[in-house]
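Novice: Sequence:
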Amino acid sequence: MAGFLIPPWYKTETPKDLEMNIVSLIFGFSMGASMFTAGMAIKQTMQAYQRKRLFSAYIIMCWLDWIGCNCMGIITYCWLRGFAPPSFWVFFFIIVFWSMQIQFTLQIIINRISLLLGNKTNINRVKWGVAVVASLINISGFCIWVPARLQISHLYEEINIVWDRTEKAVFLIVDLSLNLYFIYLVRSRLIACGLTKYTELFHFNVVMVVISVSLDCVLMGATFLPSPVVYVQFHQLVYLLKLYIEMNVASLLGHIVKSSREQDARPTEGGRQRVRDELVSGRMTTFVTASRTGHVRLDDMSRDDSYRRTSDWENGIMKKVETKVVFTETQDQASTSDQERMITMSKSARPSTFVGFSALSNRVFVRPGETLTGTEPNPEHPRTIVIYGWGDAPPRHISKFTDVYRQLYPHAKQVAVLSPIYKGFIDHVAQRTEAMLPVIHEVFPNNASDGSVLFHVMSNSGTINYSATLNAYKETYNRPMPHVLTVYDSTPGTPYLTWDNLKRFSHAMAIGLAAKLPLPFIVTQVLCAWFFCMIHVFDYLAGRESAPKFSHRIFTDEQWESKESTRLFLYGKGDFLIPWQHIEGYMAVSQEAGYPSEGQLFESGHVGHMKKDPEKYWGTIQESWERAVGRSYEASNKPRERTVGPRQV
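For what it's worth, full-length UniProt numbering labels the leading residue of the sequence shown as 1, then goes sequentially.
Source of the hints: derived by calculation from the structure; they are not laboratory data.
It is possible that part of the hints are untrue.
Claimed, not checked - Okay, derived cross-link-like pairs now, DSS-like style, lysine-lysine, Cα gap no bigger than 27 Å in a straight line: (1) 549 / 573; (2) 197 / 120; (3) 503 / 43; (4) 616 / 503.
A quick note: this is a predicted structure, and the numbers were derived from the prediction, not measured.
Work the whole structure out from these sequences, hints included.
Specialist: Laid out in structure tokens, this is it:
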């Protein structure tokens, strides 16, 4: 069936096999670039939020540019692959998102130019002049490219061939002119005035200009391919890389400005403020300020109050010299603002800690067992307990579990593992395995280490890290990891990205981000769903096994986990994220594979069983551990010496 406004004489513009391979390759690279660009955008967005400037023009333009690139790329790929039949609406939205790329890419460049232009009139002239040129290019696209793709007439198709190359040449000239103008301003207004620290920015931008113009040339060269439509797929990759370049230039500029302030406020050993130029009776200090007269403040990452209101930034980045006469007898005194700034810097530099634990890495923490006077470790208690938190769980929540384990098994060493959701899905298996090596080195320092270990795994994110730990042990000692009991709390779930699972996965990730992003929850969940879709497409195109599928594959493979270990499944009827039927299915598969498996059903929701019914929860774990210890003694044919004592909950 012909699409909307498709004429009867329309001929399908299907690329050949070689050209389609090129399209798929470019789309795959675009997905990778999309993730890296989104990571940089999220970082700068969070920094803007911490400065209470979340909805600044710069942040908004970066995200709209990113959305335009990805939407155009996906629509184009679906059209070229034949998933979406040609129609007016397909071509219309391609042009709409292409227009977003053109406009926002150029305006982001103007944003950093405005930092160096003190005259608002000149800034507005550049801004609106470029906007008019870009708008004319966009309008011509609606008037020429869409009719040509609809094959309204042969004349439109011939005009479009010339227009495609012309508009790309015009954009290249505008892009190059703006970047050269910025380089000129850095050279003439900053470096020439003695601000030599901006030399790094100058050299970096020269390299980035070469890369950016090269991307424009690649896009123009793609229009000479035999197929008249394959070049459209190149837009997504080219403009995503351009956006990534712009964000890095902005970040570098902000870091340079920030470093200059930190150098000015750098204390000496005695706590005194370091002096740049000292005179006999006084000092002279040089201050460098940054303009915010453009769209936004850039990624300065500053926490102090050195940024002023808009009215204080009328003259752009400039070198300002102030001479302060400071008598020698007051030299030991630092100003209140300097003291506050240093306190703020020291506080912001403190890493997040896991109370009572020592850090083995940024995700793995350990604390030794208690040494109680007059008591000996119970040989039937675990020597080590490893707890894998659920996705994005903060240490203070995981500590509620570690504290109870400390009461139950006070002599046991505890290892806690944090589980960032995005790391579990972005990292490949080698990276995940390497991240869990500190667990292996701490729990199993040598091949002869005994397996009196209890693993407590929470949610699918915890399962991903637990599977990586199994793989790390296998690669280290070339045998299955010895342990007595694995507690699966609200996990595992199905690894396949169905529509229902997409809603569940995105909901789980949105819960972790809700406290960090000041957005409506539904918006955060949509962004998370988009993230999972991109990861799924990337895994498919790259032929990479996803983290959930890897965990699913080794779940019943004795090469990774011995059948001498016991599995305890704790799950709830109120679990929306991982339905209890899925977990019971895994438990049945585990039993059929020969693994001793037990289960306990609760009425609570996801990872909420301990809070809802702590007595039943911890009693089940203790009883399961005792049975698992009995099985391990039977398997090893060792006599068991039972130590009778009250059960603690």
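Novice: Could you run down the list of hints and mark each one as holding or not?
Specialist: Hint check results:
{"no.": "1", "hint": "549 / 573", "result": "24 Å, holds"}
{"no.": "2", "hint": "197 / 120", "result": "26 Å, holds"}
{"no.": "3", "hint": "503 / 43", "result": "25 Å, holds"}
{"no.": "4", "hint": "616 / 503", "result": "31 Å, violated"}
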